[in-house]
Each structure stands twice: as C-alpha cells, then as structure tokens.
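Colleague: Chains as they are written, first to last, in the numbering used here: chain H, 1 to 99; chain F, 100 to 470.
Hints listed in this document are in silico derivations from the structure and should not be mistaken for laboratory results.
Just so you know, not all the hints are guaranteed correct.
To be verified - Over 12 Å on every C-beta distance to chain H, these chain F residues come out as not near it, computed from the model:
#1 S118
#2 Q190
#3 W191
#4 T212
#5 D231
#6 T450
Claimed, not checked - In silico DSBU-like pairs for lysine-lysine, Cα to Cα no more than 30 Å straight-line:
#7 H:K16 with F:K202
#8 F:K111 with F:K452
#9 F:K111 with H:K56
#10 H:K56 with F:K202
#11 F:K111 with H:K16
Cβ atoms here follow ideal geometry from the backbone N, Cα and C, with glycine treated the same way.
Listed below are the residues making up each chain.
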Amino acid sequence: MTIRVVLPHHLRTLAKVGDEVQLQVEGEITLRSVIDALEARYPALRGTIRDHGTQKRRAFVRFFACEQDLSHEPPDTPLPVAVATGAEPFFVVGAMAGG
Amino acid sequence: MGSVRVLVGTRKGAFILTSDGARRDWQIDGPHFPGWEMYHLRGSPVDPNRIYASQTSDWFGQQIQRSDDGGRSWEPVGNEFVYAGVPGTHQWYDGTQHPWEFKRVWHLEPSLTDPDTVYAGAEDASLFRTTDAGKSWQELSGLRGAKGNLWQPGAGGMCLHTIVLDPMNTERIFIAISAAGAFRTDDGGKTWQPINRGLKSPYELPDPDAEVGHCVHRIAMHPSRPGVLFMQKHWDVMRSDNAGDDWDEVSGNLPSDFGFPIDVHAHEPETIYVVPIKSDSEHFPPDGKLRVYRSRSGGNEWEGLTNGLPQSDCYVNVLRDAMAVDSFDDCGVYFGTTGGQVYASADGGDTWKPIVRDLPAVLSVEAQTLP
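Next comes chain H alone, as it looks inside the complex:
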C-alpha cells in the first residue's frame, strides 16, 4: 500500500524531503509498520520519532490521523482505513511548547 506521511518541519529538513512523503508499506498498516517503513526509507530519521532502544515515541512527538490523536495508542494499533488506502495522510507532529 502507498501511505502518505506528513513530517514536521525539522524532520523534513533532516530527511531532505518535501511537505509529504509516500511510502510503500506491506502487510497491516499500523503505527509501527508505517514508522518502520519511514525509518527504512530515511535512515536519518532513526531516533528522532521514537527512541532507538525502547522504540517508544519521544515525549514531544505526537501522531495524528483523520483528526484523531493516536499518540497514546499501542504501536500495533491499525491506522484508520483512510490512511491505509492513501486517502488521508498520517501526521507526525512536534508537540507545542510555550514561551
């Protein structure tokens, strides 16, 4: 399946990509499988979205899709059908910080 992913500004510059990337993801479309595919395609993103060792989401990174906050969902949670079919993008977002 072709999955659309929107990255935050700093990760776009790090990975040297534009506003949206498209990934080929095999099997079930989950948080884990999409981020696995993202890191495989753009190795510079390893460690920036989830911890190298624990694979836990970094504290100030959030996941959204179809106007749902998926940040606290388990990694094997299937993403919405609209994401899995490429109709909607999956968003990786830097958490807001005041000041």
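Please arrange chain F on chain H, whose structure you already have, making use of the hints.
Modeller: Frame of chain H, contents of chain F only:
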C-alpha cells in the same frame, strides 16, 4: 597569508564565519540547521575540511552531522549513543540513585591523528568514540567506573563538556564533567581516575578530600606543555603542573573567580584568558562591563582587556565552550555571548571587535587556522 574559519554553535543553528589572516573583514555563512540547538562544531586537526557537528532538539533528539567540504554541505551520520552494558545509576538531586539516560552530545573532539576518530562528551555524563567517521559510536564505559555512582547533576545537567587530548601521549585524555570533576585516563580510555586534589568547593562539598563532585567548568592546555592544565571551576581559576594530580588556585586579582571558559594563547603557554562572571545567581559580567582577563604569568596576575568590548549595561554570559584561539603569529582570540555577539581580537586580546552582533545565544566557538 592564510585564512581563518570560526565555527559557531547557537541555540538556533550553526554559523560559519570566515576571514583572511588580517581578520578585519568577515563573511557570515548560515544558519546551518536553522532552529536546531547546535551545541558544538569542531574540525579535524588532520583534515580541516572534515567538520563534525552536534545537532540536538528536545523534540527530535540527537543528530551528528559531518561535513567533508569545510561546512558547505553536511550529511547526518550515526546518532545512536547506547551506554555499554547495564548502565546502572548515579546520584539524583534528592540523593536517591537515578538511571543513566542519554540526552545530548555537548562536545566533539576529533582525534589529533585520524580524521575518522572522534570523541563525544555526552549528558548524562559519558564519553563515546567513533572510529568510522561518525557512523557508529561506542562508549568508553571505564569512565563511569571512576565513582560514577556518586556523580550528581548540577543545575545545567550532568554533562561531559570538556575533552582534552594529550598531543605527546596518545594514551592520555583529560575530561571534565559538571558537576563531578576532572578525570584522566593513561591507557587510552580503558580506566580513569579522578584528578581533583586541591579543588575546594566548601559550599557544595563540605568534605575537603572529596574525590568527585567538583563543578569543573572548563580545562585548557597548551599543546607544547601537556602536563600543565588550567581550569575554570564554578568558583576559582586553578592550574596543575603535574597533569592534574594536584591543583593550585591562581584566581589572584580577578574581579570574580567565577566563569565558564578558559583558554591558552597559541604561542605563549603561560598566557591564559578567562571571562569573569558575577555569581552565584546572576551569571552576567560584574558591573555590566564585559571584560576578558588575561594573565601572562599562568595565573595570579590578571589584566582586564576592555578595548572594543562594551563597558556599560552589558549583561550577557559567555558559556564554557564559547572561547577559542587561532594559531596565526599574532594570536587571534574569539568568544561568543548568550546575547548573540561573537567578538574577535587579532592581537592576542589587546583590542576587540564584534564579528557579528545578533545571532541566537552562542553555545560554542571554535577557530580553524587554514593555509
């Protein structure tokens, strides 16, 4: 005549400042990595166009960038810093034990002989090394064996911020950690010993014989005399004439013995520079006057250098990695401030002028003297 390249890390990107040997007119290139905290950039002494940079973010973690063309282009290299074995614990603010957790790289120190070998000083305090130009990093975990369980973070975090390589003994490395102290290895990093005898920190460390726990801010060495070390401690400027085995205070007539950076003139091993800062709570120059102090006697006797520096209403700080010297015959001295200015002196500190005034807060300054 040659040229000079000054590498500046700031809270919001990196900048590369270049000039010819006259050091009057400067070109400003940047920001590189805009928006990222650039803790440190450092070129290889073997291949000056090989530059390593520590790029960090509270959001997206640690990156190491490498340039092979003097900073014109960059590639991210390895960013996986894993503590060797079971990392164990260190002292926490409340006196309990706390697990070691990697946060960021504060300082990069390329090898004096191999452009692919670099040491990285990290928070939580640890020393890593790459031998493949940054692709992979391995911890020199023997350092944490030097009473690491007793180390405790200061307010700025428990960071390994200083790495000094001995140019005459490849097995000897000096490092400093806030707020654990100074340490030395004589076997290439396998084993380490604290070298803090003579440091006095009565308010933080009532035990006058405490081996660790001293808040060392910076260590400097002249390459011709690697057994002589100079230290800016939280309070006190210190020197050692026996590779850190013993330290003596040389604060002398400084208006404040608190500060962060310390550096040594390129050609005069007894000429050293500090920037006194009012402390403990204010962290800006005494009386609003930004003054570099120079000692030509290796300490104790200091002269304030003010020509070209603001002498009223100046309340910036100069951080520990934000001073450097070049190696032209007339030694250049550089420092950056938390107000975003980078000042340069092309005459060993006699006169100063700002190269650039309005950068983000400066975290680090390094100077490369190029042919």
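Colleague: Taking the hints in turn, state whether each one holds.
Modeller: Hint-by-hint comparison with the structure:
Every Cβ of chain H is farther than 12 Å from the Cβ of S118 of chain F; the closest lies at roughly 28 Å, confirming the non-interface assignment. Every C-beta of chain H lies more than 12 Å from that of Q190 of chain F, the closest at about 23 Å, which supports listing it as non-interface. No Cβ of chain H comes within 12 Å of the Cβ of W191 of chain F; the nearest lies about 19 Å off, and the non-interface call holds. Its beta-carbon lying about 29 Å from the closest one in chain H, T212 of chain F satisfies the requirement of being farther than 12 Å from that chain.
No Cβ of chain H approaches the Cβ of D231 of chain F within 12 Å, the least distance being about 15 Å, so the stated non-interface status holds. Annotated as non-interface, T450 of chain F keeps its C-beta farther than 12 Å from every C-beta of chain H; the closest such distance is 38 Å. At most 30 Å may separate the alpha-carbon atoms for a hinted pair to count; K16 of chain H and K202 of chain F meet this at roughly 24 Å. Distance hint between K111 of chain F and K452 of chain F is fulfilled; the C-alpha atoms sit about 23 Å from each other, no more than 30 Å.
Under the criterion of a C-alpha separation no larger than 30 Å, the hint pairing K111 of chain F with K56 of chain H is consistent with the structure, at around 26 Å. Annotation: proposed proximity of K56 of chain H to K202 of chain F holds, straight-line Cα distance about 15 Å (limit 30 Å). This hinted pair checks out: K111 of chain F and K16 of chain H have alpha carbons roughly 19 Å apart, not beyond 30 Å.
This entry satisfies every hint, going by the numbered hints stated previously.
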